[in-house]
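All chains should be modelled from the sequences, with the hints used to inform the complete structure.
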Amino acid sequence: MGSLALQRRATRPVELTGLMFAAALVILAFMLLSGASTGGIQSGLMFRVGIYLGAALVTSLLLARLVPDADQLIFPVVVLLGGIGLVEITRLDPPYGDRQLLWLCIGDVVLLAATVWPRNINRLRLYKYTWAVIGCFLIALTIVHGSDVGAAGYPRWIGFGPIVLQPVEFLKIFMVIFFAAYLDEKRELLSGGRLEIAGIRLPPIQYLIPLLIMWGLSLLLLIRQDDLGSALLFLGIFLAMLYVGTSRPIFPALGGGLFVLGTVASYFLFSHVRLRTDIWLNPWNNSAGYQLIQGLFAFAAGGIGGQGIGLGHPGFVPVADSDFIWAALGEEIGLAGLMALLIAYLVLVYRGFDIAVTARDGFQKLLAAGLVSVFAIQAIVIIGGNTRLIPLTGVPLPFLSYGGSSIVANFIIIGLLLKVSQTVGMGRPS
Amino acid sequence: MSVDVLLFWGRVAFLVGLYCFLAFVVLALTRDLRSRSASEDEAAPGELVVIDPAGTGYRPNDAFPLRGETLLGRAPDNTIALMDDTVSGHHGRLLYRRGSWQVEDLKSTNGITLNGRKVERARVEYGDIVGFGSVTVKLVK
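Protein chains in written order, with the working numbering: chain E, 1 to 430; chain X, 1 to 141.
Treat each hint with caution, since some may be false.
Computed footprint of chain X on chain E, listed as stretches where at least three residues anywhere in the stretch have a Cβ under 8 Å from a Cβ of chain X [stated by the list, open to error]:
#: 1; segment: 22 to 29
#: 2; segment: 72 to 82
#: 3; segment: 343 to 352
Estimated spans, in silico, between C-beta atoms of each pair [to be verified]:
#: 4; chain 1: X; residue 1: Arg-34; chain 2: E; residue 2: Ser-247; range: 23 to 33 Å
#: 5; chain 1: E; residue 1: Gly-216; chain 2: X; residue 2: Arg-67; range: 40 to 50 Å
#: 6; chain 1: E; residue 1: Ser-37; chain 2: X; residue 2: Val-26; range: 30 to 40 Å
#: 7; chain 1: E; residue 1: Leu-269; chain 2: X; residue 2: Val-5; range: 52 to 62 Å
#: 8; chain 1: X; residue 1: Arg-34; chain 2: E; residue 2: Gly-159; range: 44 to 54 Å
#: 9; chain 1: X; residue 1: Val-3; chain 2: E; residue 2: Pro-95; range: 19 to 29 Å
#: 10; chain 1: X; residue 1: Gln-102; chain 2: E; residue 2: Asn-122; range: 30 to 40 Å
#: 11; chain 1: X; residue 1: Gly-57; chain 2: E; residue 2: Ala-113; range: 36 to 46 Å
No wet-lab data here; the hints were simulated from the structure. Treat the numbers as computed from the prediction; the structure is a model and nothing was measured. All C-beta atoms in this analysis are idealised placements derived from N, C-alpha and C, irrespective of residue type, glycine included.
Structure representation (structure tokens):
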């Protein structure tokens with residue numbers, strides 16, 4: 001019986017090799033931090049990295065049982081990003097580091113859970129309106145009943161006893177599932193289109209209503225919650241999925257244009273939007289530009305090779321462990337390190353779209369494309385904000401930033417992506 | 001060696017290691033891509049050139065590569081999606097079997113034509129014009 005079980009057990013050699021590689025890098029990073037702070041190896045830090053990597057290894061072994069044919073490259077990249085984030089957060093604020101470690105371990109559990117349930121991923125589409133309603137309920141609850149734990153200036157958190165969650169993080173998953181199901185159903189109607197306005201073929205007007213609702217919702221987020229990051233994220237996901245579903249470039253063009261119009265109008269109408277833009281254009285003239293300027297100094301101090309993990313002074317940047325983790329890392333691992341991390345995100349996003357292209361079913365294609373757009377857009381918004389490419393808005397950087405809700409939500413997304421890749425056997429050895 | 005020297009080389013090793021990890025991942029990606037594309041186009045010579053795009057949004061002379069079994073229709077899971085009102089969800093397929101191409105109607109509403117004649121299943125030569133609903137394409141080598 002033992003040998004039979006051994007024969008049946010699938011192995012994931014590429015994932016295991018990648019995981020060993022990532023583990024070596026994370027251990028080295030922790031050793032550097034430990035050497036920089038005390039000149040020796042601290043057993044406490046090594047214990048923490050042991051827990052993190054042990055949990056990742058167990059997860060990988062369980063994945064081989066649960067989804068043997070799923071993609072093998074995504075998980076090692078996630079473990080590397082999560083590990084580097086963990087090092088930097090532990091370095092900035094040890095108690096937060098411990099909490100992040102706990103969240104990462106919970107993340108591994110929810111990742112496994114997402115590959116087990118639902119057994120058939122297409123069942124998610126059956127409950128599409130349920131997801132949409134839960135999502136809208138979460139937003140409404142936050143606006144009416146939320147608290148302002150992270151001092152963002154607006155309520156974005158909801159407390160459940162000792163646990164405080166950021167509902168927006170989970171909302172993005174519900175929205176992607178809903179859009180995927182809705183667009184797959186209405187795809188033909190949306191891409192057909194006979195209505196012509198000014199030489200542009202538009203779909204029947206009733207199918208444009210969801211587009212307009214999304215536009216309104218994202219502007220509401222922007223104005224009511226001063227949450228440009230989430231507004232951009234939701235609209236971006238929606239337009240990306242609309243384009244994937246219909247292959248009509250007119251939709252992203254139209255939606256993007258509407259959003260630009262909306263933001264220009266709110267610049268003139270609302271003072272906090274104006275302040276944000278002014279900080280972006282000229283942080284030096286503005287007392288509120290302090291954080292951004294400290295971030296820029298951090299990048300400059302890091303230079304090409306970085307000061308070394310534990311050797312810079314990223315603590316001078318306000319909120320360095322979440323919104324400004326990119327600047328903190330810039331100071332410690334330098335441009336060379338940041339570029340490597342950027343490539344890691346690129347690999348993740350590329351692989352996600354590869355899964356979308358290979359998926360056989362329209363719903364799964366849209367689901368994979370939408371989920372991976374979440375990572376891509378979040379990375380663009382916050383890295384662009386840190387480096388003063390676009391106005392700064394606080395969204396977490398996937399896997400690197402501190403934040404329980406964001407870590408858990410992102411691991412659910414990874415679990416769903418692995419599940420979709422399992423159905424086409426992406427990770428099967430050829 | 002002093003701690004500072006060790007830390008310096010540790011830092012260098014970390015950065016080099018990061019890029020080695022990425023090289024490993026990218027190599028695995030390309031190997032995977034290559035093996036998949038090799039298994040997909042096993043000896044299926046020829047391509048489809050659009051003659052009349054109807055409502056699909058393609059342009060005349062757009063060319064599509066073919067697979068050993070190429071599915072055509074309006075649904076997204078087809079090899080070549082033809083988004084026209086006269087094309088059924090899974091309209092038909094082209095098969096490459098023993099050195100020649102065949103076209104087969106998959107019970108579509110508006111049927112398949114071969115050089116203007118309605119067919120259920122027929123052999124297709126290079127240069128023949130095949131119609132799926134009001135969309136017509138030409139098989140070329």
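Hints, verified against the model:
no.: 1; hint: 22 to 29; result: holds (count 5)
no.: 2; hint: 72 to 82; result: holds (count 5)
no.: 3; hint: 343 to 352; result: holds (count 5)
no.: 4; hint: Arg-34/X to Ser-247/E: 23 to 33 Å; result: 26 Å, holds
no.: 5; hint: Gly-216/E to Arg-67/X: 40 to 50 Å; result: 43 Å, holds
no.: 6; hint: Ser-37/E to Val-26/X: 30 to 40 Å; result: 34 Å, holds
no.: 7; hint: Leu-269/E to Val-5/X: 52 to 62 Å; result: 59 Å, holds
no.: 8; hint: Arg-34/X to Gly-159/E: 44 to 54 Å; result: 51 Å, holds
no.: 9; hint: Val-3/X to Pro-95/E: 19 to 29 Å; result: 26 Å, holds
no.: 10; hint: Gln-102/X to Asn-122/E: 30 to 40 Å; result: 32 Å, holds
no.: 11; hint: Gly-57/X to Ala-113/E: 36 to 46 Å; result: 41 Å, holds
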